[in-house]
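Peer 1: One letter stands for each residue in the lines below.
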Amino acid sequence: MRHGSKRFVAGFLVLPVGLYLFYVVWPFAQAAGYSLTNWGGFSDTQEFVGLDNYVRLFKDELIRKAFWHSVFFLVTVPLFTIVLALFLAFLLNVGGRGNRAGVRGVRGSGMYKIIFFFPQVLSLVVIAVMWQQIYRTDGQGLINGVLIKIGLVDADNPIAFTADPEPFLGVPAVLWWLLVIAVWGGTGFYMVLFSAAMQSIPKDIFEAALLDGASRVHTFFRVTLPLLRDTVSVAWVYLGFIALDMYALVYIMTPSQGGPNHTSEIFASVLNFNAFNKGQFGYACAIGVALAIFAILLAALQLRITRRDRIEF
Amino acid sequence: MSVSPDSTSDHVDPSASASATSRRNVLRNAAAAGLLATPAAGLLAACAGGSGKKEETGGGAKSNDNPFGAKDGTSVKVVIFNGGLGDQWAQEDKTIFSKKHAAITVNMSSTQKIKTQEQPKMATQPSDLVMNSGADSMDISTLINEGAIAPLDDILTAPSWDTPGKTVADTLLPGTVKDGTFQGKYYVVNVAFTVWGNWYNDALFQKEGWQPPKTFDEFFALAPKIKAKGIAPYVHDAVHGYYPRWALMASIWKSAGKQAVIDIDNLKENAWKADGVLPALQVWEKLVKDKWLHPGKLDHTQSQQAWLDGKAAFIQVGTWLKNEMAKTIPPAFELKLTDYWQVSSSDKAAKDVFAGSGEGLVVPAKAANKEAAKEFIRAILSKEGSAKFAELTKSLASTQGSGDAVQDAALASANAVMKGASKDLISVKFPDFYADLDKESQNLSEELMAGRLTAQGFVDKMQVAADKVAKDSSIKKQTHEG
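As you go down the protein sequences, you meet chains W and Z in turn. For what it's worth, my numbering labels the leading residue of the first sequence as 1, then goes sequentially. For what it's worth, my numbering labels the leading residue of the second sequence as 1, then goes sequentially.
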């Protein structure tokens, strides 16, 4: 860098970095500090309790439940979203009929892109409120109403959706119903992301594969997927964060925010209960810090696992 | 917090591959930046607090007309909960207050998000008067344990606003002072007086010739006739566990008596195993098992609307019901309240009614203008203010005689329930005392009403939860005085 340009760059950065330090980094540090105290949240006095809150964290039954529910989302949200988004992106970009020259998407792919992307434009709260009507648990619900009309569901025993704690494949049904919303809301964005990445792959690679007689399935697994590796791995990391942040859905969609009977507790709902219902902010901060460490480790781990030599094109 | 970071535009750009920077690094940096958009980050930030400055206005001269010495030229910030009762009544109180204290500015706002808005300010610069109510309210035990709200005993001994010769305490309905007293001090001024019970549509019952039941036996006899008409006998809020809990606790009180509930509140050993507790829950278990419930897991307004739409015959809720549903009550619909049904002929407190004061006002300990806040409370509790309250909300105020001038059938039926009540009012304290028991009892109430838990299971699990709280030395214990 030339002499003077450093100062020039620094001059531009002082204000945003300062704001960032004060409003983002400093609260984090404060929260970490509070996590070592028994602060109740309403006064300006607190006692230092060392690592007590963290010790308690490991014995907390609700935290354990929240942990396993988060693991469920960490596995399923990225898996289903990425598979669905890849499938759609493939169809929209290179899935078109092969009887003509060139590689293209299915007919009307431009319109499909807009439709699939649409949930991304809505805020999570709007999505949750909308799904409340879809999931409504009596004959006035969109799904229940239709299923009752065509006789697939008993009117006296409608689907309970997010009020249903009964296990399905060993996981409470409420979590599966929340998963549907998360995947529905997330797929569009990742479809666009993968589409863009696919478009950056030179067409001649696909054409060469087609000339060699590769089928659609082969093209996808042998050409497209390997070349999208970087994008998919980043998508995986982001979706990991989304999976940890199911809070808005849990808060709005489930009975007693984490229910029924704790079957949809996640870290954030346990944190919320301890901070705002029990008045144990110190402990709640410890949960927050633990969650942050967990998220960072997870991201590092995911990037490490998916690390590989790049293919230049 | 956005779940899809803006920084993704970096790696969507295909030209990135041409640049000298490896795409991998761009992606990794973007991901690192994205970390700051993680849920953890938001939660961390939510925990952070701050320390602020303190400002006291100090008191002015005290007099009988101004017992707390509210000072002219100051302003008082009042935050009203805008829920089932609305906030129009508080505007009337503002008018009443300003007639006497024209030189004190009242800054009134209303919200449903009391905790979200007020909790962050409590340690530093709180509002002067906060109506701590609704689903998003601050936990009262925590507020008191943390010393965050001021005791208000001097309001009770102050002269009434507009009833000469009486103190404020003299003008309140029975139970109001007790409901607001914690650890021997009066902290919470409850402005509304609520009666809970089972509601029915009198027009429908007249037409069908049905008698509203007084006991569960009568209900079980009537239920098949109701169901034969294609109406579900009973509907309840299956989303907020505290709704069914009112009904369950009312039954427990009626069946097992006052002392049994006080023992439960005081975490006495085996309090949930006392005589009469189990049978009180078994009638509910039977109601669920016999399929008298409206299908679905509706929330409070959905269930209330289902009842108004004639899809269910009974719903249990408090007297704010009429105001909450005012916009959708059909013209010919006649809301009437009856007491909760008696459990059996061996009930120990069959005539006790579930009623009490609620919608509590608190004055933060660090409020800058406590004097004016207390004076405003005195205005709310005035004869004029409480009459306006009853008129506007169709609910009783906690001041005596508030509903005397109001012509309303629903309010009259609540008055009638109160007239038939014996001396003791049903009041349950453990949910206010202990957040863990509050949560557990809500969850178990939902489970019982969903048919996934037996009455015996409810009792056993509540006892385990109560024992756990009793043994936990980090939880400050409170006492429900008889």
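Source of the hints: derived by calculation from the structure; they are not laboratory data. Built from N, CA and C at the ideal position, the CB exists for glycine as well. Careful: at least some of the hints might be erroneous.
Simulated restraints on C-beta separations [claimed, not checked]:
#	chain 1	residue 1	chain 2	residue 2	range
1	Z	VAL464	W	LEU301	19 to 25 Å
2	Z	ALA326	W	PHE168	38 to 44 Å
3	Z	THR454	W	ILE305	43 to 49 Å
4	W	PHE168	Z	ASP275	38 to 44 Å
5	W	ILE114	Z	SER75	48 to 54 Å
With the C-beta cut set under 10 Å, the calculated list includes, among others, these residues of chain Z facing chain W [stated by the list, open to error]:
#	residue
6	MET108
7	GLN112
8	GLY147
9	ASP162
10	GLY241
11	PRO295
12	GLN302
13	LYS327
14	ILE329
15	ALA332
16	ALA365
17	ALA435
18	ARG452
19	THR454
Taking lysine to any residue and the SDA-like style, the derived pairs with C-alpha atoms no more than 25 Å apart in a straight line are [said to hold, decoys possible]:
#	chain 1	residue 1	chain 2	residue 2
20	Z	LYS227	W	LEU19
21	Z	LYS121	W	LEU19
22	Z	LYS477	W	PHE220
23	Z	LYS291	W	GLY141
Peer 1: Now tell me, hint by hint, if it's right for this structure.
Peer 2: Hints and how they fare:
no. : hint                            : verdict
1   : VAL464/Z / LEU301/W: 19 to 25 Å : violated (38 Å)
2   : ALA326/Z / PHE168/W: 38 to 44 Å : holds (41 Å)
3   : THR454/Z / ILE305/W: 43 to 49 Å : holds (47 Å)
4   : PHE168/W / ASP275/Z: 38 to 44 Å : holds (41 Å)
5   : ILE114/W / SER75/Z: 48 to 54 Å  : holds (52 Å)
6   : MET108                          : violated (23 Å)
7   : GLN112                          : violated (14 Å)
8   : GLY147                          : holds (6 Å)
9   : ASP162                          : violated (34 Å)
10  : GLY241                          : holds (5 Å)
11  : PRO295                          : holds (5 Å)
12  : GLN302                          : holds (8 Å)
13  : LYS327                          : violated (18 Å)
14  : ILE329                          : violated (18 Å)
15  : ALA332                          : violated (22 Å)
16  : ALA365                          : holds (8 Å)
17  : ALA435                          : holds (4 Å)
18  : ARG452                          : holds (7 Å)
19  : THR454                          : violated (14 Å)
20  : LYS227/Z / LEU19/W              : violated (64 Å)
21  : LYS121/Z / LEU19/W              : holds (22 Å)
22  : LYS477/Z / PHE220/W             : violated (64 Å)
23  : LYS291/Z / GLY141/W             : holds (21 Å)
In the structure shown, a violation is registered for the earlier hints numbered 1, 6, 7, 9, 13, 14, 15, 19, 20, 22, in ascending order.
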